[in-house]
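In the order they appear, the protein sequences are chains A and B. Residues in the first sequence are numbered from 5 upward in steps of one, following the working numbering. Residues in the second sequence are numbered from 5 upward in steps of one, following the working numbering.
It cannot be assumed that every hint is accurate.
Sample of chain A residues facing chain B (criterion: CB under 7 Å; computed from the structure) [said to hold, decoys possible]:
hint, residue
1, Ile46
2, Gly50
3, Val58
4, Ser91
5, Ile100
6, Ser105
7, Ala106
8, Phe109
9, Met137
10, Val139
11, Ser152
12, Ala188
13, Gly190
14, Gly195
15, Gly215
Just so you know, the hints here were simulated from the structure itself, not pulled from any lab data. The C-beta atom is built at its ideal place from N, Cα and C for all residues, glycine as well.
Protein chains: 2
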Amino acid sequence: MSETASTRTPLSPTLRSSLTRYKERGGADRAELDAVLDAGLICHLGVVLHGTPVVIPTIYGRDGDTLYLHGSTGSGNLRAAMTGDVSLTVTHVEGIVYARSAMHFSMNYRSAVIHGRPVELTDPDERMHALQMIVDQAAPGAWDAVRSPNKKELAATLVLALDLTEASVKTRAGGPRDEADDIAAGGVWAGVLPMRQVFDAPIPADDLAPGIETPAHVLRRCSDTVALA
Amino acid sequence: MSETASTRTPLSPTLRSSLTRYKERGGADRAELDAVLDAGLICHLGVVLHGTPVVIPTIYGRDGDTLYLHGSTGSGNLRAAMTGDVSLTVTHVEGIVYARSAMHFSMNYRSAVIHGRPVELTDPDERMHALQMIVDQAAPGAWDAVRSPNKKELAATLVLALDLTEASVKTRAGGPRDEADDIAAGGVWAGVLPMRQVFDAPIPADDLAPGIETPAHVLRRCSDTVALA
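Make the full structure from the sequences, and use the hints.
Structure (structure tokens):
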């Protein structure tokens, strides 16, 4: 996140060279990447299409060192993602940082940026697994309760896998970092306004037959508070 | 948002040609764009840096037909945004769509995608106004309560303006769009799990002097429910 008066950039000017190679690292760093990705509902996928960047929101899934994307076989954006590198970003905004000066206003957040070249999955089992991971990410517990993709649907769907090797995580947490003079001057409130995402009561489909109860995997989420996606 | 089994793409394969020229349109379309932008806290900015797309989360502001960005004068990403086109996306996820089949799972959302070439603002008044718009977007009502940017801070800050002429808004709302066969088969719950973003009680800074009360412009937000950013 760009800070209002920051002298640090949101990400390094030589971004790709500064990215962590996560496969070569373990422990906390990798756990942090997984946590950011697993808490997300959507990512912002950046591709270059006809020489111009295009950033689109899309759902995704993850299993181990692989992130999965999918879309229509007719999607120009996904096609572009297979012929050039992509940048894929998941951001959770967790609070608004109120400072004593305008230029120190900021956001508390966690974000993961992945770079790489997605590859198309062609193996039927791998494709089905990827689609399950994507549905699991959006709606945990739902996959087993619903009809699986059929032949016609699978034929119309492009499934991509993106290696998580080249990735970085950035976070900002805590209160404002004000200038000493501004703190000394006093009189201005400073602090953090925390934010989170909540689910409200599920709304049954208009065409839902009577007697079908809301399943536990849906109800469970209503009491959850999840990180912002 | 990519839909699980959708035959439509998240955005048109020939994206730029399909974008709406908002300045040439009025009324509902333009109001919809403004509503999506004004409800957001961050955008995802896509630039091309060294031939590769880079997508970063950053805060922004808007006034009329102009969107404002800022960052360090040392930011390679912002510099890249001035020498090539950008794609800037604001997305609000508003619900998870539970369908009767895996491939019809989706998200309800509103998103705005802007394309263009940001220009650097050099006029002092324009720069100050842009910074105010950015702080106003993140923290409405805060600008007048805090110290204004000083000469040193301004010298270290790059302020960019992006015209909103070339933009598109996409939304998905309502329940699942299941296959007739799956609806007829029955037995599977379907519906929407609505989501929203909430603010929790403000946390004063550790170094806040005693006796400084939380201002009304902060307290006001705690009772707000805002769209997801």
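Here is what the structure says about each hint:
Below 7 Å, beta-carbon pairs count as interface contacts, and isoleucine 46 (chain A) has one with chain B at about 6 Å; its hint therefore holds. Checking glycine 50 (chain A) against chain B by beta carbon gives a least distance of about 4 Å; that is within 7 Å, so the hint holds. Interface restraint check for valine 58 (chain A): the shortest CB-CB distance to chain B comes to about 5 Å, inside 7 Å, so the restraint holds. Given the 7 Å rule on beta carbons, the hint for serine 91 (chain A) holds: about 4 Å separates it from the nearest Cβ of chain B.
Evaluation of the isoleucine 100 (chain A) hint against chain B yields a held restraint, the C-beta minimum of about 6 Å falling below 7 Å. Hint status for serine 105 (chain A): holds, given a least beta-carbon distance of 4 Å to chain B, under 7 Å. Hint status for alanine 106 (chain A) relative to chain B: holds, with the closest Cβ pair at about 5 Å, below 7 Å. For phenylalanine 109 (chain A), the interface hint holds, the least distance from its beta-carbon to any beta-carbon of chain B being 5 Å, beneath 7 Å.
Annotation: methionine 137 (chain A) was flagged as interfacial toward chain B, and the flag is violated, the nearest CB pair being 11 Å apart, outside 7 Å. Interface restraint check: valine 139 (chain A) against chain B, minimum CB-CB distance 5 Å, threshold 7 Å, status holds. For serine 152 (chain A), the suggested interface contact is upheld, since its CB lies about 6 Å from the closest CB of chain B, less than 7 Å. The interface hint given for alanine 188 (chain A) is broken, as the beta carbon of that residue sits about 9 Å from the closest beta carbon of chain B, more than 7 Å.
A hinted interface residue such as glycine 190 (chain A) counts as satisfied when its beta carbon comes closer than 7 Å to some beta carbon of chain B; here the least separation is about 5 Å, so the hint holds. Interface hint status for glycine 195 (chain A): upheld, as the beta-carbon distance to the closest one in chain B is roughly 4 Å, under 7 Å. Because the beta carbon of glycine 215 (chain A) sits about 9 Å from the nearest beta carbon in chain B, more than 7 Å, this interface hint is broken.
Hints 9, 12 and 15, counting from the list given before, are not met by this structure.
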